[in-house]
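Protein chains in written order, with the numbering used here: chain Z, 131 to 389; chain U, 5 to 165.
In short, the hints are calculated from the structure, not lab data. These figures come from a predicted structure and were not determined experimentally. The beta carbon of each residue, even a glycine, is placed where N, CA and C say it ideally should be. Treat the hints with care, as some may be off.
[As the list claims (entries may be wrong)] Derived list of chain U stretches under chain Z, where covered just means 3 residues or more per stretch with a C-beta under 8 Å from a C-beta of chain Z:
1) 43-50
2) 64-74
3) 124-138
[Unchecked claim] Subject to a maximum C-alpha distance of 30 Å in a straight line, what follows is the list of computed DSSO-like cross-link-like pairs (lysine-lysine):
4) Z/Lys343 / U/Lys145
5) U/Lys47 / U/Lys67
6) U/Lys77 / U/Lys154
7) U/Lys154 / U/Lys67
8) U/Lys145 / U/Lys67
9) U/Lys77 / Z/Lys229
[Stated by the list, open to error] Not close to chain Z: a few residues of chain U, all C-beta gaps over 12 Å, as computed:
10) Ala113
11) Arg115
12) Gly160
Chain by chain, the residues run as shown.
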Amino acid sequence: MEDSFHARLARELDDQPEPPLGDLITGALRQGKRLRLVRRVKIAASTVAVAGLVTAGVIVGGQALAGSTGHVLPAASGGTNLTIAPTSEPPIEQPAGPKSPATPAAIVYRLTQLLPAGTTSGYGRASDGELFGQIYLDRGHGPGMVRLTISADGQDYQGGCAPTPKCTTPRNGTVTVTRIPDNCIQSLLVSVAHANGVVVEVLVSTCLAWNGKTNPPGPEALTEQEAEQIAADPSWGTSMSSSLVATAARDFPHLATFS
Amino acid sequence: MTTRDEEFVEFARTHAASLRRTAYLMCRDWHLAQDLVQTTLAKLYPAWSRLDWLENPTAYARKVLLRTFLDHKRRRGAHEVVVEAVPDTAQYSHPELRLTLLAALGELAPRDRAIVVLRYWEDLSIEAVAELVGVSISVVKTQSMRSLSKLRELLGEDLFT
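This is chain U alone, in the form it adopts within the complex (with noise of 0.2 Å):
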C-alpha cells in the first residue's frame, strides 16, 4: 500500500462512522448510509492525491456525501424504509405516540432534511451549508425555517427550547 493510500485509508477510519450517521440521517437506512459512505469514499480516492491544496478534506468528503445521497434520490427514484407511520399530530399529546425527531426528519424533502442535518446536526453555518448544496444563503434560511416549523408540527412541541 502506497502512502497516499495509507493516508487515505486513516482518513477513512476517522471519518467513516461520522459519515455514516449524517448519512444515516439523511435516509433512515443503516445499509444504505453504509453503501453511500463507501461510494463517497470511493469517489475521493482517486481526488486524494489532488487534495493537499484542500484546507478542510472533511467538508469536501462532506459535500461529496451530500451529492451522493441526492443523486441516489434523483436517479433511482429510491424510496424509503418507512420507520414509523406518521400518525394526525392530534395524536401526539400521547406521549407513547410520539413521533420521533428522526421519523419526522423523513417527512421533510431530502434537499430539505440534507439542510436540516447539514446545519443542526453537523453545525454547519449557514453559508457552509449553501456552499454545500449549492444554492443561496437566504434559501437555507428560508428552508430551515420551513422545515424546522414542518418538524415542529409533525412532533406537536418546540424541539428548541
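If we strip away everything but chain Z, and leave its shape as in the complex, we get (with noise of 0.2 Å):
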C-alpha cells in the first residue's frame, strides 16, 4: 500500500511547481557558520564568567577574548570575527510611554515613517504571523523591497558575522552587516541589536517578493548606513507605542502575505 501512497504523493508532486533550490546551500553554509561561531562564543563566555575573568581576559580554547574595552573574539573559522559593543555605550531604549504588542502592521507603518523620501507599495507580512513587514520603496528608479523583522529572543539573530560581513561597534549597540551577493531577498542585511532585549534586522533585497513564478528585480532601495539608521530606531520592540500600533491598524488593516 505504500507504493499506491508514495506514487500518488509523487504524481501529485510533479504538478506541484516546484521552486528551484537558489541560493539554499550557500545559505545554510553561512547560517551554519554563524550557529557555529555562536555555539563557540557561548562557550567562550560561560567558560570566562565561570572563572570570574571577564575584565582580565583570558585565553578560551586557543582564542583570546579581549577585556574590559569591548570584546573582540576572533574566531577560527575563516577569520570571522564577532564584535560585541562595549558596555559604556548608551543602549537602544525605548521611549517612555503607553506600549502594545506590535504587529506586522506596526512595522510596515513605522517604515513608511522611516524610510527615505519615495512612493511606497508592496506592503506586507509573513505568512507565519512573525514580528516581519515588507515594503517597496521607489526612489525614482522602480520599486525596491525592504524587509523588517523583529526578533524577540534572538533565536534568529546568530550574534556574529558572517564571512565576509563589515562589523562595526556604533554608538547604539552591535550592529552586523552581512552582505550576500546570491541572495535576491538577503542582498544586505543589518542587524542591531536594542537594549530592550531584540534584535532588529532589515533586509534590503535587489529583488521583489516571490509572484508566484519568479521574484522580479528590483533595486536596492536603502544604503547601509540608512538601513542601519532604521534597524536602530528605538522604537522597535516586542511592544510598541500604543498609539503608532493602532495608527498602523488603521491605515494597514490588511497586508498582504509572504512565506
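Join the two chains, each given in its own frame, into one complex according to the hints.
Now the structure itself:
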C-alpha cells in the first residue's frame, strides 16, 4: 500500500511548480557558520563567567578573548570576528509611554515614517505571523523591496558575523552588516541589537517578492547606513507605542502575505 | 573552503532537494520548505565534524528537519497556506471536486502528518519513525492507522488498493 500512496503523492508533487533550490546551500553554509561561531562564543563566555575573569582577558580554547574595552573574539573559522559593543555605550532604549504588542502593520507603518523619500507600495507581512513587515520603496529607479523583522529571543539573530561582513560597534548597540550577493532577498542584511532584548534586522533586497513564478528584480532601496539607521530606531520592540500600533491597524488593516 | 566544508556542501547538494520535498509534504509551502531545509542544514553544519560516528547522516538530517518543522509549528503558531478548501465528503463522487492527497495530508495534525510522510513517503520502518519522532512504536502504529483512516474518509476512496 505504501507504493500506491507514494506513487500518488509523487504524481501530485510532479504537478506542483517546484521553485529552484537557488542559494539554499550557500545560505545554509553561511547560517551554519554563524551558529557554530555563536556556540563557540557562548562556550567561551560561559567559561569566562565561571572563571570570574570577564575583565581580565583570558585564553579560551586557544583563542584570545579581550577584556574591558569591547570584546573581540577572533573566531576559528575563516577569520570571522564577532564584535560586541562595549558596555559603556548608551543602549538603544524605547521612549516611555503606553505600549501595545507590536504587529506587522506597526512595522510597515513605522517603516513608512522612517524610510527616505519615495513612493511606497507592496505592503506585506509574513504568512506565519512573525513580527515581519515588507514594503517597496521607489526612489525614482523603480520599486525596491525592504523587509524588517523584530526577533525577541535572538534565535534568528545569531549574534555573529557571516564570513564576509563588516562589523562595527556604533554608539547604539551591536550592528552586523552582511552582504549575500547570491541571495536576492537578503542581498544586504543589517542587524542591530537593542537594549530591550530585541534584534532588529533590515533586509534590503535586489528583487521583489515571489509572484508565484519568480522574484522580479528590483534596485536596492537603501544604503547600509540608511538600513542601519532604520534598524537602530528606538521605537522597535515586541511592544511598541500604543498610538502607533493603533494607527497602523487603521491604516494597514490588510497586508499581503509572504512566506 | 575546508575539506569539511566541501563534504558538507556535497552532502547538502545531494540531499537538499529530497529534504525539501519531504518538508513540503509536511508544510505544503515551497518557500517555508526551503527555509526549513536551510535551517536544518545550518543546524547540521556545526555538528558536521562530529558526524563521523554516525552511520547515517541522512537520518540525522531528517530528524533535525522534523524537529525544525515541529518547532516552527509550536513556536510561531504558524498558520498554513490553504491549498484547497475541504468540501464535504459527499462531494467526492464528483471527480472534478476530488481532494488531492496533498490537501488531505494538510488536514492532519502536524505530528501525525510527519508520521505519515516519514512512514509512507520516506518508507521508513515503524521503529525508525518512532525514533525520529520520539514516540513509542505503538504510538506510531496507532497514529498511522488513524491518519490513514482520516485520509480515506477525506478522499472518499481507498488509497491503498
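Practice item. Classify the label on U/Arg115 as holds or violated, using whether its beta-carbon is more than 12 Å from each beta-carbon of chain Z. Key: holds (18 Å)
Point to revise | Hinted pair U/Lys47 and U/Lys67, Cα distance within 30 Å | key: holds (11 Å)
Point to revise | Hint consistency between Z/Lys343 and U/Lys145 [alpha-carbon to alpha-carbon, up to 30 Å] | key: violated (40 Å)
Point to revise | Status of U/Ala113, Cβ more than 12 Å from any chain Z Cβ | key: holds (17 Å)
Review point. Is the Cβ of U/Gly160 more than 12 Å away from each Cβ in chain Z?
Key: Holds: least Cβ distance 14 Å, greater than 12 Å.
Review point. Within 30 Å, alpha carbon to alpha carbon, are U/Lys154 and U/Lys67?
Key: Given pair U/Lys154, U/Lys67 holds - Cα atoms ~25 Å apart, limit 30 Å.
**Study point:** Restraint status (C-alpha distance of U/Lys77 to U/Lys154 at most 30 Å)
**Key:** Within the cut-off at roughly 21 Å; holds.
Point to revise | Proposed proximity, U/Lys67 with U/Lys145 (alpha carbon, max 30 Å) | key: Since the Cα atoms of U/Lys145 and U/Lys67 sit roughly 19 Å apart, the hinted pair holds (cutoff 30 Å).
**Study point:** chain Z over the stretch 64-74 of chain U, status - at least 3 residues with CB closer than 8 Å
**Key:** violated (count 0)
**Study point:** Proximity test - 8 Å, beta-carbon atoms, the stretch 43-50 of chain U to chain Z, at least three hits
**Key:** It holds, with 8 qualifying residues against the three required.
Point to revise | Assertion that chain Z covers the stretch 124-138 of chain U - criterion: three or more residues, beta-carbon distance below 8 Å | key: Holds: 3 residues of the stretch 124-138 of chain U have a Cβ under 8 Å from chain Z.
Practice item. Take the C-alpha atoms of U/Lys77 and Z/Lys229, compute the straight-line distance between them, and say whether it is at most 30 Å. Key: Measuring from Cα to Cα gives roughly 27 Å; hence the hint holds.
Violation of the numbered hints given earlier is confined to hints 2 and 4; the remaining hints are satisfied by the structure.
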